[in-house]
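As they're listed, the protein sequences go chains A and B. Taking our numbering, the leading residue of the first sequence gets 599, the next gets one more, and so forth. Taking our numbering, the leading residue of the second sequence gets 2, the next gets one more, and so forth.
Where hints are given, some of them may not hold.
[What the hints assert, rightly or not] Counterexamples of contact, computed for chain B against chain A with all Cβ distances above 12 Å: (1) 3; (2) 17; (3) 24; (4) 55; (5) 67; (6) 82; (7) 83; (8) 93; (9) 102; (10) 115; (11) 116; (12) 130; (13) 182; (14) 192; (15) 200; (16) 202.
[As the list claims (entries may be wrong)] Just so you have them, the derived chain A footprint on chain B, three or more residues with Cβ under 8 Å: (17) 8-16; (18) 34-40; (19) 69-78; (20) 162-176; (21) 204-212; (22) 220-232.
If you are wondering where the hints come from, they were derived from the structure by calculation, not from laboratory data. Idealized CB from N, CA, C, for every residue including glycine.
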Amino acid sequence: MIKDIVWVYYYASLILITFMSIYGVATRPNLLKKIIMLSILSDTANMLAVVLGYHILSPKPPVYPGGTFSTTEFPSQEQLSTFAKYAVDPIPQVLVVTAIVIGLAVLVFLSFVAVLIYRRYGTLDMRIVSKRAREEVK
Amino acid sequence: MEKRLLCLGVCITVTAFILAFALIYTGVVPLAPSGNRPLAVMFLESTFNAGKWWLWAGSPEVVTSILWDYRGIDTVYETTVFFLAIIGAITVVRTMKIFPETSGKGSGLTVIAKTITKITFATIPIIAFSIAVHGHLTPGGGFQAGSAFAVAPLLVIAALSLRLLVERGWSKERLLALRTTGLILVGIIAILVPVLALLRHGIAYIMQNQAKLWAPAGLSAVVDLLGIKTLLSGTLFWLNLSEFLAVSAGLSLVFVLLAAPTKNFDKEVKG
Chain A
599 MIKDIVWVYY YASLILITFM SIYGVATRPN LLKKIIMLSI LSDTANMLAV
649 VLGYHILSPK PPVYPGGTFS TTEFPSQEQL STFAKYAVDP IPQVLVVTAI
699 VIGLAVLVFL SFVAVLIYRR YGTLDMRIVS KRAREEVK
Chain B
2 MEKRLLCLGV CITVTAFILA FALIYTGVVP LAPSGNRPLA VMFLESTFNA
52 GKWWLWAGSP EVVTSILWDY RGIDTVYETT VFFLAIIGAI TVVRTMKIFP
102 ETSGKGSGLT VIAKTITKIT FATIPIIAFS IAVHGHLTPG GGFQAGSAFA
152 VAPLLVIAAL SLRLLVERGW SKERLLALRT TGLILVGIIA ILVPVLALLR
202 HGIAYIMQNQ AKLWAPAGLS AVVDLLGIKT LLSGTLFWLN LSEFLAVSAG
252 LSLVFVLLAA PTKNFDKEVK G
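With the hints as constraints, model all of the structure from the sequences given.
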């Protein structure tokens with residue numbers, strides 16, 4: 599029962615961070631804070647994926663132990679079955695590695711746009727920026 | 002205002018707990034699972050299983066195997082997306098020229114910070130290279146190694162100056178050329194096995210690593226290097242190295258461009 603409560607707490611805190619970052623993206627006027635909140639949002643989603651791959655059977659990393667450059671004898675089927683029982687799920691980790699790179703690409707582009715906006719308008723406050731941009735269009 | 006924020010916080014917290022409970026209660030997310038799913042067991046068992054050579058990737062690192070072998074094309078396109086993001090960022094600042102004369106006169110931090118930065122600047126690339134070449138044996142890989150490497154130029158920019166980095170030859174063009182070289186190498190390795198198979202009138206698919214029953218071509222996992230048998234896991238080792246080159250050059254380029262002083266921008270932004 600205690601364990602169940604702990605897992606509810608894990609998922610609830612992740613969902614809470616998701617809500618908070620969406621709140622931050624929507625309400626903070628500063629562009630930099632919006633970008634920080636967006637990166638927290640993507641990290642929370644990645645964390646959720648990693649938690650989904652976890653299990654409580656004394657988990658080990660999904661790497662067969664003892665591999666070196668000089669390994670030429672490969673493990674037997676029994677050793678691999680034991681390894682597969684205790685290692686955590688590798689698939690969420692792979693998807694997260696991909697998602698991190700995509701998130702980084704978005705972050706790189708957004709930070710360049712933020713730098714340009716700051717150099718153009720002298721501020722990162724999106725209320726002032728949008729007002730001035732509208733005036734320029736007129 | 003205070004009361005409104007407090008009310009909002011309580012509402013969000015209660016909603017989060019109710020959602021978490023509902024997700025667990027309806028079985029959408031697992032509650033403390035005591036074992037792996039069948040798909041995970043399949044990957045974990047077959048990745049380093051020499052007995053099932055038609056399914057294996059020849060590497061003890063399951064994550065790298067899935068990343069560069071089983072889901073290889075996905076990773077190639079992911080690298081391309083990152084490349085396009087950097088290209089887009091450079092397009093935004095395309096008229097900016099970064100020369101030693103125009104990259105500011107940063108005097109840097111204190112002597113203590115500078116000395117420590119010089120020492121770490123030598124050690125970070127070594128660690129990053131080690132992560133890259135052990136990518137098919139231990140956790141880590143090309144992308145992680147590249148990210149670790151990019152800390153070195155960032156440290157130099159912060160503790161010494163951007164000017165020093167540019168004077169030492171970390172120019173925009175050179176870093177972009179290295180980035181492109183890395184991506185081209187990934188592309189060459191992706192079509193290496195099909196080309197080798199075509200020369201022998203065989204069949205192979207793009208991003209193939211080990212030989213399969215239906216496509217009996219591939220690079221062997223254990224390679225004879227100067228008489229020493231070395232586990233290179235076929236293409237995984239070379240893909241990790243190329244990705245390391247691509248990501249480290251790309252991230253360094255991003256940091257150099259982001260650290261450039263404002264006056265380089267002024268003409269294009271206001272003009």
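Hint check:
no., hint, result
1, 3, "holds, 15 Å"
2, 17, "violated, 4 Å"
3, 24, "violated, 6 Å"
4, 55, "holds, 14 Å"
5, 67, "violated, 5 Å"
6, 82, "violated, 6 Å"
7, 83, "violated, 5 Å"
8, 93, "violated, 5 Å"
9, 102, "holds, 20 Å"
10, 115, "holds, 26 Å"
11, 116, "holds, 30 Å"
12, 130, "holds, 14 Å"
13, 182, "holds, 19 Å"
14, 192, "holds, 21 Å"
15, 200, "holds, 28 Å"
16, 202, "holds, 30 Å"
17, 8-16, "holds (count 4)"
18, 34-40, "holds (count 6)"
19, 69-78, "holds (count 3)"
20, 162-176, "violated (count 0)"
21, 204-212, "violated (count 0)"
22, 220-232, "holds (count 5)"
Checked against the numbered hints above, the structure breaks hints 2, 3, 5, 6, 7, 8, 20, 21 and satisfies the rest.
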